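Taken in sequence, the protein lines are chains A, B and C. Under the working numbering, the first residue of the first sequence is numbered 1, with each subsequent residue one higher. Under the working numbering, the first residue of the second sequence is numbered 1, with each subsequent residue one higher. Under the working numbering, the first residue of the third sequence is numbered 1, with each subsequent residue one higher.
Treat the hints with caution; some may be incorrect.
Claimed, not checked - Below, simulated DSBU-like cross-link-like pairs (lysine-lysine); rule was C-alpha separation at most 35 angstroms, straight line:
no., chain 1, residue 1, chain 2, residue 2
1, C, K62, A, K130
2, B, K23, A, K206
3, B, K143, A, K207
4, B, K115, A, K207
5, C, K91, A, K141
6, C, K198, A, K114
7, A, K141, C, K62
8, C, K48, C, K91
9, A, K114, A, K207
Said to hold, decoys possible - Derived DEER-like restraints, expressed as beta-carbon distance ranges:
no., chain 1, residue 1, chain 2, residue 2, range
10, B, A120, C, K166, 50 to 60 angstroms
11, B, L124, A, P47, 53 to 63 angstroms
12, A, Y127, C, E186, 37 to 47 angstroms
13, A, S5, B, I79, 15 to 25 angstroms
14, C, D96, A, F128, 18 to 28 angstroms
15, A, S5, B, P78, 22 to 32 angstroms
16, A, T52, C, P20, 40 to 50 angstroms
17, C, D96, B, M113, 53 to 63 angstroms
18, A, I140, C, T203, 47 to 57 angstroms
19, A, I46, C, G120, 25 to 35 angstroms
20, B, F141, A, L196, 29 to 39 angstroms
21, C, P75, B, M113, 26 to 36 angstroms
22, B, Q117, A, A22, 44 to 54 angstroms
Just so you know, these hints were derived from the structure itself, not from any lab. Fair warning: this is a prediction, and the values are worked out from it, not measured in the lab. Note that CB positions come from ideal geometry on N, CA and C, so glycine has one too.
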Amino acid sequence: MQDISLMQQLSRLGIAFLSNLAFLPFVLAIGIILGIVIAFVRFHRIPVLSQTLTVLVEIVRGSPFLIIVYAIYFALPYVGIELGAFQTGIVVLSITATAYLSEVFRSGLVAMDKGQFEAAEALGMSYFKKVTLIILPQIIKTTMPSIVGQIVMTIKDTSIVSLVGMVEIVRTSRQIMQLTLNPFMAFSIVSVFFILVCYPLIIVSKKLEGGNNR
Amino acid sequence: MLDMRLISQYLPEFFEALFETLKVAALSGVFALIIGTVVGIISTMKSKLAIIPVGIYTGFIRSTPLLVQLYFVHYGLPITGIMLTSFQSAIIAFSLNSGAYISEIVRGGLASMDKGQSEASRALGLSWFQTMRLIILPQVFKKILPPLISQFSYLIKDTSLAAVLVIPELTYTARKIAARTYMPFESFGVPMLMYFGIYLILALLSRFISGKKEPGRSARRWFGFGKVV
Amino acid sequence: MLKNIDLDVYESDVLVLCGPSGAGKSTLLRCINMLEHYHEGTIDVLGKDIKSSRANLSYVRKNSGMVFQHFNLFPHISVMDNVALAPIHVKKIPKDQAYEKAKGLLDQVGLSAKYDAYPGQLSGGQKQRVAIARALAMDPKLMLFDEPTSALDPEMIKEVLDVMIKLALGGMTMIIVSHEMGFAREVANKIGFLDDGKIIELTPKNEFFTNPRSERTKEFLSKIL
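Sequences are here, hints too, so could you generate the full structure?
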């Protein structure tokens, strides 16, 4: 048993937590952009492409995050793609965020008042103008609660990438636990870090939802 | 392409693993339903004494990763003298996790109930407990069945984390067979198909139930859960 | 389903289309800017066959205005932006000019106090007047009205009709689907009666009310007048 002061534990875990958060901007950007594209392809029922994407999206939504992580990490080397733990994390988190967000945007599109499309068309807007000026701003607003929910999910899912060796807060906490033999302390600090970031986001998501329903 | 001989050779093992996954999910699901119902009812009470602990519980579960919760139970509880097998740890962690989400579904269902139902029951002389058991909860559960089914679908996916505790369920078995055979595509492909099959069945079931309630509404989806996150 | 439709509308005509619900009035109107696709026949609008090319359709949509039953205002932007949006982004008019014009149009429909309001803050009648201003902002040569007053509370119908009457008196070419026969009597110069996808009667206004030709029209008029 080894003594590591609370301050030391805090700073080591805090630094490790930064790698959990480092994924976020990239994953979110990919998820939103590809998610929107897939949502529009499926909304317009573009033949073949639409069905293919539907199947892919549902396979990702139907699979546990961990098995996708394992599959990407252990199978890709056999086709000549060697990914490190961090890259595996980026790839899998982006794939899942894209799949879930595409469904969020698609339901937003389906729920959208058809009159908005018609009014934009009657004013002579091109497809691009119609989408960027009228449809997307409204979709983004109505789906904001789910987008924030997806951010929380992505942050929490990062912890699972530790299972293929990525160094982040949960893996670091296990190492500390093995030194101090005090799991409660290590995992409590980890929980506090996650709560500090995720809880406010959950509250924001609920507030936004309340605002949309009014 | 895929080695069919290998797949058929390991198929019995995969099915055993599928059974283990379903066992973990079903047990956790039952406990989660009990926890969720009790906590959900408590959360509709006015007293701060009831609401604050419930808020801490659901807030903690929703804000932290399931993996951390699993570690808490598996490595943390033994220190307090409670010795647990991996299987018991997994069931406790999954039940507590899913229970928190179910409590929010139950709370939503209770909140949407017409006040007249409980007023009429009380006027008939039913006790609070009778009112809940005979009048309110049966109606609430009928209403929240679709979200409960999607929650169960999430639970099945979450049980893959039991692999961390070396429980021989689908994800663990997939990894084990992949390491043994050096055939990752077959080893992960079969379990993923199994997960997808369960997901599909539950999604169709959920759609069938909600479709019966509002005909035509969900007719456009041909599979998958409509509501996400 | 529309059948055997043969219809000419000239400049400054005000044509009111009426008839029982399900007769195809709205469908006919929505074919004119191809919000509804049609399988056979041709529709020339402002001298262009709208089905023959994308460019023609685009020309027609830019030069005609449409007012919908449910307003279809864009809820995420202000009233002023609703009116100025298409001129800026479709007609490429400089912003300050477009906003100047939007102000003028909103004044014209009596909404000077609502420049910065959002559609969600307006009454139904106010929304529909914004929708008219939005359509007018494109300097349309033709205005299409799809049951503009059917979704309004009775006390708000007049404020919208007044704006439409002003437009008609100003010489605007208008095609209107409406059940407001009093309004039709006041401003229309032609009235079309549709039933079951066919134009049963298309006559100058006075004839329509005083001397309807078909039995169906007589029956319809006796029910609603």
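The hints, checked one at a time:
A distance of roughly 14 angstroms separates the Cα atoms of K62 of chain C and K130 of chain A; the hinted pair therefore holds under the 35 angstroms criterion. With a CA separation close to 34 angstroms, the supplied pair K23 of chain B and K206 of chain A stays within the 35 angstroms bound. Annotation: proposed proximity of K143 of chain B to K207 of chain A holds, straight-line Cα distance about 24 angstroms (limit 35 angstroms). Among the hinted pairs, K115 of chain B with K207 of chain A is consistent with the structure: their alpha-carbon atoms are about 25 angstroms apart, no more than 35 angstroms.
The suggested pairing of K91 of chain C with K141 of chain A holds, with an alpha-carbon distance near 27 angstroms, which does not exceed 35 angstroms. In summary, the hint linking K198 of chain C to K114 of chain A is supported, as the alpha carbons are separated by about 27 angstroms, within the 35 angstroms threshold. Distance check on the hinted pair: K141 of chain A and K62 of chain C sit about 28 angstroms apart at the alpha-carbon level, within 35 angstroms; holds. With a C-alpha separation of about 19 angstroms, the suggested pairing of K48 of chain C with K91 of chain C holds against the 35 angstroms cut-off.
A threshold of 35 angstroms between alpha carbons decides the hint, and for K114 of chain A with K207 of chain A the separation of about 27 angstroms falls inside it, so the pair holds. Checked against the hint of 50 to 60 angstroms, the pair A120 of chain B and K166 of chain C passes, with Cβ atoms roughly 57 angstroms apart. For L124 of chain B and P47 of chain A, the Cβ-Cβ distance of about 59 angstroms falls inside the hinted range of 53 to 63 angstroms, so the restraint holds. Remark: the range hint 37 to 47 angstroms for Y127 of chain A to E186 of chain C is upheld by a beta-carbon distance near 40 angstroms.
Separation of S5 of chain A from I79 of chain B is about 20 angstroms and conforms to the stated range, judged on CB atoms against 15 to 25 angstroms. About 24 angstroms separates the C-beta atoms of D96 of chain C and F128 of chain A, a value consistent with the hinted range of 18 to 28 angstroms. Between S5 of chain A and P78 of chain B, the C-beta spacing of about 24 angstroms keeps the proposed range 22 to 32 angstroms intact. For the hinted restraint 40 to 50 angstroms between T52 of chain A and P20 of chain C, the CB-CB distance of approximately 46 angstroms keeps it satisfied.
In this structure, D96 of chain C and M113 of chain B meet the distance hint of 53 to 63 angstroms, their C-beta atoms being roughly 56 angstroms apart. The given range of 47 to 57 angstroms is respected by I140 of chain A and T203 of chain C, whose C-beta atoms sit roughly 51 angstroms from each other. Look at I46 of chain A against G120 of chain C: about 33 angstroms separates their beta carbons, and that is inside 25 to 35 angstroms. Remark: the range hint 29 to 39 angstroms for F141 of chain B to L196 of chain A is upheld by a beta-carbon distance near 36 angstroms.
Checked against the hint of 26 to 36 angstroms, the C-beta distance between P75 of chain C and M113 of chain B comes to roughly 32 angstroms, which is consistent with it. A beta carbon spacing of about 51 angstroms between Q117 of chain B and A22 of chain A agrees with the range 44 to 54 angstroms that was offered as a hint.
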